[in-house]
Amino acid sequence: MLSSAPRLRAILLRMAQSVPVVVGVVVISFLLTRALPGDPAVYFAGVTADAESIEQTRVAMGLDRPLLQQFFSYVGDLLQGDLGQSLSSGRSVAEDLAKRLPASLELTLTALLLAIAIAVPLGVLAATRPGTSVDHLCRVIVTAGVSLPTFFTGILLIYIFYYLLGIAPSPLGRLDFIYLDPDHVTGFYLIDAALMGDWETWRGAAKQLILPASTLALFTLAPVARMTRAAMLTALSSDFIRTARAAGLSNPTILYRYAFRNALLPVVTTLGMVFSFALGANVLVEKVFAWPGIGSYAVEALVVSDYAAVQGFVLAMALLFVALNLVIDLLYTAIDPRIGFSSR
Amino acid sequence: MLTVKDLAVSFQTRRGEVDAVRGISFEVSKGEILGIVGESGSGKSVTSYALMRILDAGGTIKAGEATYSGLDLRRSAERDMRDIRGREISMIFQNPRAALNPIRKVGHQIEDVLRHHARATRYDARAKAIAALEAVKIKDAEARYNAYPFELSGGMCQRIVCAIALACDPRLLIADEPTTGLDITTQKAVMDLVRDLIREREMSSILITHDLGLAAQYCDRILVMKDGVIVEQGDPVQIFSTPQHPYSRKRVDATPRAGTGVRSLLPPEDRSAEPILKISDQPLLEVRDLTKTYAGKSGPVHAVKGISFTVNQGQCVGLVGESGCGKSTTSEILVRLMDATSGEVIFDGDDIARVPARAFAKDRRRADIQMVFQDATDSLNPRHTARQTIAEPLRRLGRMRGAKLTARIEELAILVGLPLSLLDRFPHQLSGGQKARVGIARAVALEPKFLILDEPTAALDVSIQAVVLNLLVDLRAKLGLSYLSVSHDLHVVRLLCDHVIVMKDGEIVEQGPAQDVMSNPQSDYTKSLLAAAPKPPQRRVITEENDLENINADAVALHA
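Sequence lines, in order, name chains A and B.
The working numbering applies: residue 160 is where the first sequence begins, and numbers increase by one.
The working numbering applies: residue 36 is where the second sequence begins, and numbers increase by one.
Only chain B is shown next, with the shape it has when bound in the complex (with noise of 0.2 Å):
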């Protein structure tokens, strides 16, 4: 049906003419789900730009075919092209709410496509439009369809980008990372609904994503980009058991699944034995009926209502839930950056939650709680190099100056990995690890006793998120550290801590010792959750080389 024989992609930039894609071949037949796996960068969506023929300025198809149903895609006229997009061909995109235009009514937005296909008139528009939103399962069509993207929720928005692609009854679906973003159950409801749609048509899709878990539960067959090349493709289970190319084992490597530990992410050459954690029963931060409630527009909205728990020391504690639970807001107010509306927060024997968040910058256990943030890049002052970041805490809470501060600064650079001579650059000049680490050794240069991880890898790439992972594991056994790792990525909170506590609406639904809450959830809410995340295929290769007994070793080692 799709025919891509030696594409190649470039753009012409400043610094002159950058090769985003160098001659790839693939072929996508009828109701085949193609995914194609990479980091960013490495050309996958330039790729479906280029079949679209809507690249950015600047970016030309410079050689190769593109044949759709006997259709020369690189050649035909631009008004043919227009034909194609969306009847034909159509795209569903990442970040859905950008995706849409935010002032206009999601319904027209609907119509503008049926109209532009003439699939529909002035008269019928409304009713079809309705029916779009229909076939996407959006609940009440009728009332959404007078709605602006700002007033539904990112799920909400995706099922109407989709109903846009799949107004015209298009042949060939090409999702572009459709669910980067999204809530782990939102991605499952979106992720099935489109494969449903994709089935009940027979039509193909190109599914676009850095996810290799993802794309091996939804496509019949998978290829492996990487810097614009097609390094390996095949069926799932053949590139999840036996990758080939050295770049897709590492990727296979580092993706968390279930019943691997922490230290067989990484590359088999960078496996260092697992470090030994000491867990105390001494509790360092105790949560006691925690609440919080703003004033919102249409009365108070109650973010946490009355949860506890404890951190003992040395312990990693995670705190699991969906966009919307309250594990920022805690967060938040642990490490004292806001005020509890009531409750204690008894911090090595005092309640820190009586001390006003204002006051908390000039307290003496401000050194003591400090968090590691979300972005990396967007974390780090840009106008400061690595030294100058890592120094401010030194320099602030720890009156360090002149050669202490260099020496401290080092030695902190040493600790986290980053070699010295990046420290006296800028965050644009470093990559994402490299951030990361600036950030983490932020957090621990004044050696805090409790730290709280905010999604620490949720930008990463998952090479990267790997080698982050094992150095926080590292850290805390090194320096002692307990953690409040927040995340909503299950398979990461199974990989670094010992007990998971699991939120929703404000409140804890099930915690516990993170291997009994992950192997048998007692909640229903735990269970969809686990549910809904993404079951990439098991390795054979590793039973085969009988490495299983050790992985489980170091797992059990991690979590005793």
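Okay, chain A solo, but in the shape it has when bound (with noise of 0.2 Å):
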């Protein structure tokens, strides 16, 4: 049955692929959280301490034994789905990751729908314009979101639609305190809400979500729309476009199935890395917002050497990175024909 499926085949090969990634993955978080400073054994026994108790606590965490053993016993647990206890939220790994993940999530993902829904257009709108005054927007609002770090626009947007205004709520969370928390279905409110009919507390997540995403948004926005600009200008320039054109076809044509479409390929691997590293600027999005996501739940975890916690982080967002590429690849594959994927 494979065989007849070449697509299937090549995207269940290219699954396997990232099998010694995450391997990989296990073994340097394992390590890397081994070699931090710090005991977390002094800072969990307690201030007033001894000797004999620091002593106590590291027997009763298990960090008395080997490395080696500490390990197969780590990937003992993890084979049984089992990330460990958080030393410091005192909940299992798993458990946190399950409602913070998604927390963030929402929040990168909104941010770069909006982001695309802006940079796309105006990366367009710059390429086939250029030198006019969409073109000079497209660059004061690119390099504005390179240089703007998202703490400074993060405040900013609070002290403006908060502070001053008043039009937006208190940045604290993902919901006011005046509405419940959605049932838990896939752990992104706005869908929940959704799901559940409750169009009250969609528009209160609505209303939490839009400054932080926004922050986040104005700094994803910048390479997306350069790029855009980029690879339109080099495909309106190609030869195909001159064929296309002499051949009497009409601009929206040219400019969206013959240009456009080319186009998508680098944009389509910008967007990848844009996303990686918008997980990452997260965490100070997260601070200035208060918002209950795994980047904030991260670097707490690392500051106590909360070895569980810090791993069951590593890991996930490892996992997310290897669907992520899985999912561009396959994009490039749905735009680009010349990928081929009965090459291997």
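Please keep in mind that the hints were generated in silico from the structure rather than gathered at the bench.
Be careful, since some hints might not be right.
[To be verified] Taking CB as the label site, the calculated pair distances span:
1) Ile170(A) to Lys570(B): 54 to 60 Å
2) Asn416(B) to Leu227(A): 38 to 44 Å
3) Gly51(B) to Phe311(A): 52 to 58 Å
4) Ser333(B) to Arg193(A): 45 to 51 Å
Model, not experiment: these values are computed from the prediction.
Positions of the beta carbon are idealized from the N, C-alpha and C atoms, including for glycine.
Join the two chains into one complex using the hints; note that each chain is given alone, in its own frame.
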């Protein structure tokens, strides 16, 4: 059956290729967390602990065992789906991630969609009218987006829209306390609220989301707009555009069916990269807006050498990136027939 | 049908206004094929873009009139122009693979044009697109409809471009270098097809080319352009036999054709005596049962299938064939940049095929075998001056330093005719011919015994090609070099080589003395290659001036 569906087989092959990556990530995240300075036993034994009680904590945490043994018990737990207990929050890491990852993803994805919705048309317009006011606007936005740090734009937006104008709700988490959290289905409040048909909550969640998402969008929009403009300029000066013009095709056809589809490839590549550093930039935005996301969780865990939580975070991120790269590769093949699926 | 009067086109650039076309006038009548010939930058393509009003950004028609069937092409609205493009006047371009949208099925690209000009509806577009593919003699059009450009050969892509151009039955077809970059037999097939379609549909056509021979063969009338003006026009035979303008005379001279020697390509005042070439019977290089097999996507690819030949000392052997015949693979193995799968390459008595390509850079025979690369621009480091480029092999392999190095570089520059003042220029500050000289100087810097010429003049204009070919012949005589000249241009091979090897699909189909193979080919493939080469008309003027004898004598001297 597999041989008859080369596309499916290629996808499976591509997924199999990511297994060694995940294994590598498990090993490295384990070793890196162990290499971190700081002794978690000292931290968790408390301020008043003496040498003996620190030692007791160490034994209780299993940190006295040889590294290899610790690693195997970690992998063993991992295979059963157990990411361990977070020492700082007291809950299991899996539970924490399930709660916080969707919060981060909802923020990042909304920001990304917002960025695409603005950056791609802006880039296309700038490319079709080089040297005009649209082009200059594009340049200004790109420069601003790159040079303004997210914590600064975040605070600026809060100052204007919350403090001065009072349009935005207080920047405190995902939902104002007057609303109840929607039932957990996907963990995305917008989707969960819509599924429940609770539009009141949906609006509340959207209001909370809009400022942090805009902050992040401003940051991610710059590279996307820039790349769209460059890719469109390249595509528009290609020989096949001249052929299309010489054949008398209309401008919209030339622009979208011929130039834009060809320009999409580098744009998709950029999107993949932007998505990954947007997840990183999240930490600052989450801190500014008190967003209960995965970035702030990881930073807190790292500060107290909460091994299980850090490892869980790194692993979750790695899996996310593997999945992201897979999606990007699949998008490539959907856009560009030249990228051979049957070539492997 | 088309009247152009005092047309002038200029481009706004950062350095100010540049005039690309400065007031040209011509007419194309119904059913006529007009050739516009000139070197790159002469304004021939810009003229055609101006007629279609598809000039690149910054280009404008500054003055003049262009009228097509009573319609003012210069002033009519963009909307009207879109109706004219593709339906009344259409174009085919050079580099057909790039001229097609790489990620759209070719059938859909034809449909786009048909649908736009309301020649087809959603329901019959597919059938009409397939019919358009059949019209350009594409076999199995139904299956090709779903192909993407990258799945098709260059010749096939050009047929698709033709199908797009001809889908809506235009009255005028502008062909802009339609066969540049295609193999010689493909070139003939495409040109014959285009000519037949034009005649069949009683269309008019403008053929834009740098190849005077090609234009002469297919056109009713020829314009010669230089620097944006028409320097001469007339019927092909007249232009070839009695060129009036010095520029067209130079071009006609430089166009290689049967029965001429390498010196006759040059303008008469530059012709010196043919050098005397010494060819010994001693073999310098012997190739025995050379095989190269690649691992391909669908099974092994046999690029070279057990070929054997000999290059004698002082001999020039031509390796001829179309793309994919294995000639580049063979030359790369001989220059030791690639390892053979099996076989022997005996050079000066030793089998150099046994030395891995990777280790050959340190071999003492590295200096003996050198190469002149195809594209003079791409094969030079853009950040190195001519001096640094020539110094490279002298430093690395010759271990020369200081004053000795400088002296040798200047000696080489004089040898290849490169003015010493140009030595400190970067490639982009040099002309095509000067870059070719730098490449040749680099190759002969270490006094090699054997030089591989990989299409050394393919990227050059004919008049520069003439100079470079003469330089190569002179160097061979002066330095006692042996050449292996890889080429697809049979005229060039005829001028340069004593012995010719014809390759096809990794095998040698024919080899022998150049004169014999060229005048009396044995294999059908060689015959088809020779038949496909453009045949410019003979120059009658030579006979009148009693020059023919001299030229024949030259040719004999060269190949003796």
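Holds or violated: 38 to 44 Å for the Cβ distance of asparagine 416(B) and leucine 227(A)? 52 Å, violated
Verify the CB-CB distance for serine 333(B) and arginine 193(A) against the hinted window 45 to 51 Å. 49 Å, holds
Hint says 54 to 60 Å; check whether the CB-CB distance for isoleucine 170(A) and lysine 570(B) agrees. Roughly 55 Å apart at Cβ, these two residues keep to the hinted range, so it holds.
Starting from the hint 52 to 58 Å, judge whether the C-beta atoms of glycine 51(B) and phenylalanine 311(A) obey it. Since glycine 51(B) and phenylalanine 311(A) have Cβ atoms about 44 Å apart, the given range 52 to 58 Å is violated.
In terms of the numbered hints stated before, the structure departs from hints 2 and 3, listed from lowest to highest.
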